[in-house]
Amino acid sequence: MNETRVPIHSDADIIAARHLGRKLAEQVGFSGSELTVIATAISEIARNIVEYARSGEILLRTMNQGNRRGIIVVAKDRGPGIADVELAMQDGYSTSKGIGLGLPGARRLMDEFDIDSKVGKGTTITMKKWIA
Amino acid sequence: MNTMKKQPLALVSNESTSALLTELVAHLRQNRTQLREEWARRITESQLLTAMTKEEIFAEATSVYDNYVAVLETGAVEALQAYARDLSERIIPRGVETHEVVGIVLLLRDVLARSLFKKYQSDFALLNRVLDAYEPAANRIANTVAVGFVQERERIIRQQQEAIRELSTPVLQVRERLLILPIIGVIDPQRARQVTEQLLRGIRSNRAKVVVIDITGVPAVDATVANHLVQTVDASRLMGATVIVTGLSAEIAQTLVTIGVDLSKMKTIGDLQGGIEEAERLLGYKVILEATETTGAMKRPTTV
Amino acid sequence: MRVPILKQGDYLIASIQSALTDADLLQLRDDLADMAGRNRARAIIVDVTALDVMDSFAVRTLRAITHILRMRGARTVIVGIQPEVAFAMVQLGLTLGDTMTALDLEEGLALLSNGREPR
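Chains as they are written, first to last, in numbering that gives the first Met the number 0: chain X, 0 to 131; chain R, 0 to 303; chain D, 0 to 118.
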């Protein structure tokens, strides 16, 4: 099992997280295009930490389930938490006019996406992608 | 499949086990030469790694042995994982198979275990303790190497499959800077993604300015296909290419509109031939700003 | 890291060399706004060939650059978006709106000198 932990405190750490995510995904065996997709999703949730919680961490791990392999990305922070998760996750795909919304965008890029957030406690986002 | 504990091996056990492992490592280092030779000999006897020469087998045996001892010592498998991947990358093209790799690692485990038997045979209790310390580590090592090999093999197979798919996907360059992508039949999402990737890479390598996507051969579209088509068009445009979609039947056009696709954003032309002609027109069309003598800088567009 | 901005005739060319932090992107926006005004640039080209990821922040900033520069009378062309990046962008639902794009610097310059309308 390969696990990497990336502390997220500044926007420079966003780049570090994407870079390490890309490398780990490469080890798992994802193709070129998927590497960029994964790095982009990591970028979105890492920025979410910097913007709302100021600091947190991202855990990157490979997954092995029988025949399937993939990558799991967990973003944890002890920030203010999201009051209305459903609202935050509203996919404004058609209404955002192409400017993109971080979290819904990341969800669209990954295969599985989960948010666990409590106001005043913090947020944990778990995303997974499997090799097709 | 057994789940492997992540802690360093030395921490899993108590102090005396850690001391035993240290002694074990010392023993393996001391007897490095003869244990390696014995192992290499048994590999050849068992008719494993027949694709490699005796020298090559001994050289790899040395690397595996040293990595093996290092894992026993440090408890960390990352170096071994990296080595296993590297080794696999080298021997897979030589035709070495999974059972051979598993076989040689188990042989090493056996060679080392026998060596331990010999050393501690006078003290059965101690021998048992040593084996208790050794076994989990040895199993973990065997697993790491086998899994590394299998994963590498799968990666190579996928790469080869991808290469085959690339050969069979038609992104055609019929004129300079013009690409044609005829889509035929029903394609699954994975293949659709691959076709798009190929097209986009083709735009870069051919420096294509116009792309004609022909969907004459597509029987029907649903939301997924429509979405994919729109994404392909948009991504091509991000790379500076103009996209013309041809072969859009009235039914499919209607379906797309119903799904919510904004057809006004797309250049569409009835048939492929028409699309190619339009593409050529676009490629040959230049606006030249001319100045006339009498009126100074009067500009008039001219077609070339 | 500051993005080098070169002047070529009436154009400004910003050549991004490596991954940019959010702060770098905002700096680029401010530098371009400033230089475009001072040099009365007619157009700027931003070369993103070196970017291996373009996320929502990068896209928002590029669109902001286009908007600000339009108010200073300059057009913006983004060049060098890589295949994987373009694909990831559209899957994320990101577009560059009115901003023009071209394959590379050469095509970007051709686009500007042709005076052609955006596609």
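It should be emphasised that the hints constitute simulated quantities derived from the structure, not laboratory data. Treat the hints loosely; a few may be bogus.
[What the hints assert, rightly or not] A short, non-exhaustive set of chain D residues, derived as facing chain R with CB atoms under 8 Å:
#1 Leu24
#2 Ile80
#3 Pro82
#4 Ala85
#5 Phe86
#6 Met88
#7 Gln90
#8 Thr94
#9 Leu95
#10 Gly96
#11 Thr100
#12 Leu104
#13 Glu106
[Unchecked claim] Some, not all, of what chain D presents toward chain R, calculated at C-beta under 7 Å:
#14 Val47
#15 Val89
#16 Ala101
[Claimed, not checked] Distance ranges between label pairs, derived from CB positions:
#17 R:Ser62 x D:Asp97: 56 to 62 Å
#18 X:Tyr51 x R:Gly259: 27 to 33 Å
#19 X:Arg53 x D:Leu5: 49 to 55 Å
#20 R:Gly283 x X:Tyr51: 50 to 56 Å
#21 D:Ala63 x R:Glu96: 39 to 45 Å
#22 R:Leu171 x D:Gly36: 43 to 49 Å
#23 X:Asp115 x R:Arg280: 55 to 61 Å
#24 X:Gly31 x R:Glu96: 25 to 31 Å
#25 X:Asp115 x R:Lys118: 51 to 57 Å
#26 R:Arg280 x D:Asp97: 20 to 26 Å
Beta carbons: idealized from backbone N, C-alpha and C, even for Gly.
Going down the list of hints, with the structure as the test:
| no. | hint | result |
| --- | --- | --- |
| 1 | Leu24 | 18 Å, violated |
| 2 | Ile80 | 5 Å, holds |
| 3 | Pro82 | 4 Å, holds |
| 4 | Ala85 | 4 Å, holds |
| 5 | Phe86 | 5 Å, holds |
| 6 | Met88 | 6 Å, holds |
| 7 | Gln90 | 6 Å, holds |
| 8 | Thr94 | 7 Å, holds |
| 9 | Leu95 | 7 Å, holds |
| 10 | Gly96 | 11 Å, violated |
| 11 | Thr100 | 5 Å, holds |
| 12 | Leu104 | 11 Å, violated |
| 13 | Glu106 | 6 Å, holds |
| 14 | Val47 | 10 Å, violated |
| 15 | Val89 | 4 Å, holds |
| 16 | Ala101 | 4 Å, holds |
| 17 | R:Ser62 x D:Asp97: 56 to 62 Å | 59 Å, holds |
| 18 | X:Tyr51 x R:Gly259: 27 to 33 Å | 32 Å, holds |
| 19 | X:Arg53 x D:Leu5: 49 to 55 Å | 36 Å, violated |
| 20 | R:Gly283 x X:Tyr51: 50 to 56 Å | 53 Å, holds |
| 21 | D:Ala63 x R:Glu96: 39 to 45 Å | 57 Å, violated |
| 22 | R:Leu171 x D:Gly36: 43 to 49 Å | 47 Å, holds |
| 23 | X:Asp115 x R:Arg280: 55 to 61 Å | 56 Å, holds |
| 24 | X:Gly31 x R:Glu96: 25 to 31 Å | 29 Å, holds |
| 25 | X:Asp115 x R:Lys118: 51 to 57 Å | 53 Å, holds |
| 26 | R:Arg280 x D:Asp97: 20 to 26 Å | 25 Å, holds |
When each numbered hint is compared with the structure, violations occur for hints 1, 10, 12, 14, 19 and 21.
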